[in-house]
Amino acid sequence: MSSFISESVVPLRLPYDHKPLSEQFQVKWTPTLITLDADGKEHHRTVGFLPPEELIPSLLLGRAKLDFDLDNFESSIKILEKIVSDHSKSDSAPEAIYLLGVSRYKSTHEAKPLKDAYEKLQAEYPDSEWTKRAYPYRLL
Amino acid sequence: MGNSIKWETELNAALARAKSEQKPVLMDFFNPG
Numbered sequence: 720m721s722s723f724i725s726e727s728v729v730p731l732r733l734p735y736d737h738k739p740l741s742e743q744f745q746v747k748w749t750p751t752l753i754t755l756d757a758d759g760k761e762h763h764r765t766v767g768f769l770p771p772e773e774l775i776p777s778l779l780l781g782r783a784k785l786d787f788d789l790d791n792f793e794s795s796i797k798i799l800e801k802i803v804s805d806h807s808k809s810d811s812a813p814e815a816i817y818l819l820g821v822s823r824y825k826s827t828h829e830a831k832p833l834k835d836a837y838e839k840l841q842a843e844y845p846d847s848e849w850t851k852r853a854y855p856y857r858l859l
Numbered sequence: 003m004g005n006s007i008k009w010e011t012e013l014n015a016a017l018a019r020a021k022s023e024q025k026p027v028l029m030d031f032f033n034p035g
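Sequence order for the protein chains is R and G.
Those letters in the first sequence? Residues 720 to 859, by this note's numbering.
Those letters in the second sequence? Residues 3 to 35, by this note's numbering.
Next up, chain G with everything else stripped away, as it sits in the complex:
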C-alpha cells in the first residue's frame, strides 16, 4: 500500500487513536523483505 499513509507502529497507540477518532484499526502484517 502507498507510502504516503502515516502508519502507526504500536497497537496501543493505534487503539487510542481509534477511540478518539471513532475509526477501526487496520492492522497490516507485512514482510519487510
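In isolation and in its complexed conformation, chain R is listed as follows:
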C-alpha cells in the first residue's frame, strides 16, 4: 500500500482543522481524501475509512477522473480498464465502467461504448447507482 501511494501520487497530509485549507475544501469529517491536479483543482473525494482493497481502486479512480476532466481520454481509459479488470469486486468498479463508457464515447464519438457500459453494469452490478445512471444508454 505504501509503495503504491508513493509511486502513484504526491501524498499531502494535513490536520482536519488546518487553516485555511480545511475551510477552503469544506472538510467536515475525517479521513477526507481529495485528489488534486498540479494546479490544485479537486477531481475526486472520499470521506471515511477505506480498507486497502477499496483504497487502491479509489485512488486509481481519482487519477482516471483527473485525466477525464482534462480531456486525457487515452490515459483515463487505461486506468479505468485496470480498475475493471483488477478490482472488479471493489465499490469503485461500477463507476469505473460507467466512466469508461463515457471516456470511450468522448474519444471515438461513437455511442456503442455507452450501451456496452450499461449492459455490463446491468449484468454485473444491477443494484448499483451507476447502472441507474446508465439506464438511458440501453436505447442507443
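Keep in mind the hints are simulated off the structure, nothing from the lab.
All C-beta atoms in this analysis are idealised placements derived from N, C-alpha and C, irrespective of residue type, glycine included.
Only pairs whose alpha carbons sit at most 25 Å apart, straight line, appear in this in silico BS3-like list of lysine-lysine:
| hint | chain 1 | residue 1 | chain 2 | residue 2 |
| --- | --- | --- | --- | --- |
| 1 | R | Lys760 | R | Lys738 |
| 2 | R | Lys760 | G | Lys25 |
| 3 | G | Lys8 | R | Lys760 |
| 4 | R | Lys797 | G | Lys21 |
| 5 | R | Lys738 | G | Lys21 |
| 6 | G | Lys25 | R | Lys801 |
| 7 | G | Lys21 | R | Lys760 |
| 8 | G | Lys25 | R | Lys797 |
| 9 | R | Lys834 | R | Lys851 |
| 10 | G | Lys8 | R | Lys738 |
| 11 | R | Lys808 | R | Lys834 |
| 12 | R | Lys839 | R | Lys851 |
| 13 | R | Lys831 | R | Lys801 |
| 14 | R | Lys747 | R | Lys760 |
| 15 | R | Lys825 | G | Lys25 |
| 16 | R | Lys839 | R | Lys825 |
| 17 | R | Lys801 | R | Lys825 |
| 18 | R | Lys797 | R | Lys839 |
| 19 | R | Lys831 | R | Lys797 |
Okay, the calculated beta carbon distance ranges per label pair:
| hint | chain 1 | residue 1 | chain 2 | residue 2 | range |
| --- | --- | --- | --- | --- | --- |
| 20 | R | Glu772 | G | Pro34 | 21 to 29 Å |
| 21 | R | Gln841 | G | Lys8 | 41 to 49 Å |
| 22 | G | Pro34 | R | Glu761 | 21 to 29 Å |
| 23 | R | Ser826 | G | Asn14 | 28 to 36 Å |
| 24 | R | Asn791 | G | Ala15 | 21 to 29 Å |
With chain R's structure known, arrange chain G on it following the hints.
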C-alpha cells in the same frame, strides 16, 4: 495509512512536486487525535 509514506505537509510544496513528477496530489485531512 502506512507510516513509511513520505508525506508532504505544505500544499505549495506538494503542487510543485506534482508538476515536476506529473502526478496527482493526494490530500489527506486527518484527525491527529
